[in-house]
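J.: Here are the chains, one letter per residue:
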Amino acid sequence: MSIDLIISAIKAFLILGLLLTNTLLLIWLERKVVAGMQARVGPDRAGPFGIFQTVADAIKLLLKEQIMPLKADRAMYLLAPIIALVPSFLIFMIIPLGPDLNLEINGQNINVPLVGADLNVGVLFFLALSSIAVYSVVLAGWSSGSKYPLLGGVRASAQMISYEAAMGLSLVPVILYSGSMSMTEIVKSQAGNLSSPIPFLDAIVSFIPKWNVFPQFVAFAIFFIASVAEVNRAPFDLVEAEQELVGGFHTEYSGFRFAMFFLAEYINMFNMCAITATFFLGGWLGPTFSNFLPPLISAFMPAFWLGVKTFGLLFIYVWIRATLPRLRYDQLMELGWKRLIPISLVWLILTSIVLGIREFGFPWS
Amino acid sequence: MLDLILFAIPSLFVLAGALIVIFAKNPVHNSMGLVLTLASLAVVYITLNATFVAMVQMLVYAGAVMTLFLFVIMMIGVDKAEQTKEEIKGQTFLVLGTLILLGSLLAYVVINSGFKWDLWFPAVDYSIEGTPDLIASTLFTGWVFPFEVISILLIVAATAAIALAYDTKTRKDDD
Chain A
0 MSIDLIISAI KAFLILGLLL TNTLLLIWLE RKVVAGMQAR VGPDRAGPFG
50 IFQTVADAIK LLLKEQIMPL KADRAMYLLA PIIALVPSFL IFMIIPLGPD
100 LNLEINGQNI NVPLVGADLN VGVLFFLALS SIAVYSVVLA GWSSGSKYPL
150 LGGVRASAQM ISYEAAMGLS LVPVILYSGS MSMTEIVKSQ AGNLSSPIPF
200 LDAIVSFIPK WNVFPQFVAF AIFFIASVAE VNRAPFDLVE AEQELVGGFH
250 TEYSGFRFAM FFLAEYINMF NMCAITATFF LGGWLGPTFS NFLPPLISAF
300 MPAFWLGVKT FGLLFIYVWI RATLPRLRYD QLMELGWKRL IPISLVWLIL
350 TSIVLGIREF GFPWS
Chain B
0 MLDLILFAIP SLFVLAGALI VIFAKNPVHN SMGLVLTLAS LAVVYITLNA
50 TFVAMVQMLV YAGAVMTLFL FVIMMIGVDK AEQTKEEIKG QTFLVLGTLI
100 LLGSLLAYVV INSGFKWDLW FPAVDYSIEG TPDLIASTLF TGWVFPFEVI
150 SILLIVAATA AIALAYDTKT RKDDD
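Protein chains in written order, with numbering that gives the first Met the number 0: chain A, 0 to 364; chain B, 0 to 174.
Read the hints as simulated data drawn from the structure, not as lab findings. Where hints are given, some of them may not hold.
[Stated by the list, open to error] Lysine-lysine pairs mimicking DSS-like chemistry, simulated, CA-CA at most 25 Å apart: (1) B:K88 <-> A:K70; (2) A:K187 <-> A:K10; (3) B:K24 <-> B:K88; (4) A:K146 <-> B:K24; (5) A:K187 <-> A:K209; (6) A:K63 <-> A:K146.
[Said to hold, decoys possible] Just some of the chain A residues that point at chain B, by a computed CB distance under 10 Å: (7) M67; (8) L69; (9) D72; (10) A74; (11) M75; (12) A127; (13) L128; (14) L138; (15) L149; (16) G152; (17) E163; (18) L175; (19) S179; (20) M180.
Backbone N, C-alpha and C fix where the C-beta goes; we use that ideal spot for every residue, glycine too.
Turn these sequences into a full structure, and let the hints guide you.
T.: Have a look at this one:
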């Protein structure tokens, strides 16, 4: 067996373990943070600070009976949770966790890129998989053979199509600015500090890291709003509005199949934050302190910085959920089609003009 | 041999999806069969090193277009029984004629080239990778005129669709 195959297998197992344990932590964290913001205690029985609450919930879900509604469409009903899980695991594959590692195994020098797959079309891969994830919600809603899930499914398909357009359009200026569609290259293009041709401005901005969030702040705002809508989180959680649609598309699911939807939702949330950090917040870039830290620890500093940025964004997600009320359906559509898409188109044209002038000079000079 | 296996597995899924499209009774099953066909076709593209085309295939056809199909099917209701009556007169004969025409064309090609293995599985040039750079530089230099013509066609179609859907008279009453 070739060494590449072994390394890929190790990577796959590590990512699987990371995503699963991370979800357990994430659900506990969300419940704790929301409880704190609403002056409640939150889970505090299972383990210290209730940290094993999610484990207990997961065991409960695994042991529960799995009910299939009488009017359900059998094949699609069973397929939907699987379609939900697969893209969520695959998306994490393109997120770079650090610079290439140089390992020495049996005297051989092996270059291990800390990314599942460095695709030259990484951005498109991410968009394609998130558009596949829509099917899980639509099919789950339809196949349950019940009114509320169907309404949830129809809402979901409309919402996710609308916000996918805004999301894709907001990424185009970032691709233009970074000059690549590969996630690894996008991270590398954000190294260093900002600079300006005007000396006075240069003195001010030269302390700021060259993250895309500063020159591309409009794209960041649009992408962040669209990403919250894409993972169906509050205030865009019309898909599973508890007061109107019981549980939305997963009302008729129970036991392990429900757990699969739940797992996919939280993994998607984590992926989306990690991708936002990669596109706009410099990804794994950060001080590695390689001068006074042992090399083994400083090698993991990039992954640590990515984690810090991702969890910062996740905290904002939870914060938004605890603060904002849900949008009405027409407000949601108006925000998507009449605000976000036109703004992202204007921003795309502005970015192209600025980049064109920087590359080729003014047309009259 | 590896080429053949890499080609055979996704193409089996392509055929399976196409058969589901034709034979399944439920419209949602039909459309999911089409999704399977389109997604497996993307896998075939990946085995041919055309990653950009594969991703666009997933994003546009398997993603956006089929989600809209599904949306429309769910909107107009799927509980209606499938129509088995022939809509067009002499439908069977038309289909049969087309099939014979296509079959004879295929037979002509096969007989003329003399049953060669290379015809069915032509060697792939793996040195070229279908990166976005390559496709963009081809599209925007040699093929820029057809590209612009197609974009005008699409804008005309979109404008026409909006003009048809946007009824000015009823709109004024609403405001």
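J.: Would you check whether A127 (chain A) satisfies its interface hint, that is, whether its CB is within less than 10 Å of any CB in chain B?
T.: Status holds, d = 4 Å.
J.: With a cut-off of 10 Å, does the beta carbon of M75 (chain A) approach a beta carbon of chain B closely enough for the hint to hold?
T.: holds (7 Å)
J.: A closest beta-carbon separation below 10 Å is what the hint needs, so does M180 (chain A) meet it against chain B?
T.: Where the cut-off is 10 Å and the nearest Cβ of chain B is about 6 Å from M180 (chain A), the hint holds.
J.: Does the CB of A74 (chain A) sit less than 10 Å away from some CB of chain B?
T.: holds (7 Å)
J.: A closest beta-carbon separation below 10 Å is what the hint needs, so does L138 (chain A) meet it against chain B?
T.: Cβ of L138 (chain A) sits 7 Å from chain B, so the hint holds.
J.: Answer holds if the nearest beta-carbon of chain B is closer than 10 Å to that of M67 (chain A); otherwise answer violated.
T.: violated (17 Å)
J.: With a cut-off of 10 Å on the beta carbons, see whether L69 (chain A) makes it to chain B.
T.: violated (15 Å)
J.: Taking only the CA atoms, is the gap from K146 (chain A) to K24 (chain B) under or equal to 25 Å?
T.: The hint holds at about 22 Å.
J.: Hint check: is the beta carbon of L128 (chain A) less than 10 Å from a beta carbon of chain B?
T.: holds (8 Å)
J.: Holds or violated: L149 (chain A) as interface residue toward chain B, Cβ cutoff 10 Å?
T.: Result: holds, 7 Å to nearest chain B Cβ.
J.: Do the numbers back the hint for S179 (chain A), that is, is its least Cβ distance to chain B under 10 Å?
T.: With Cβ-Cβ at 9 Å, under 10 Å, it holds.
J.: Given a cut of 10 Å on the nearest C-beta pair, is the interface hint for E163 (chain A) held or broken against chain B?
T.: Given a least distance of 7 Å, the restraint on E163 (chain A) holds.
Hints 1, 7, 8, 18, counting from the list given before, are not met by this structure.
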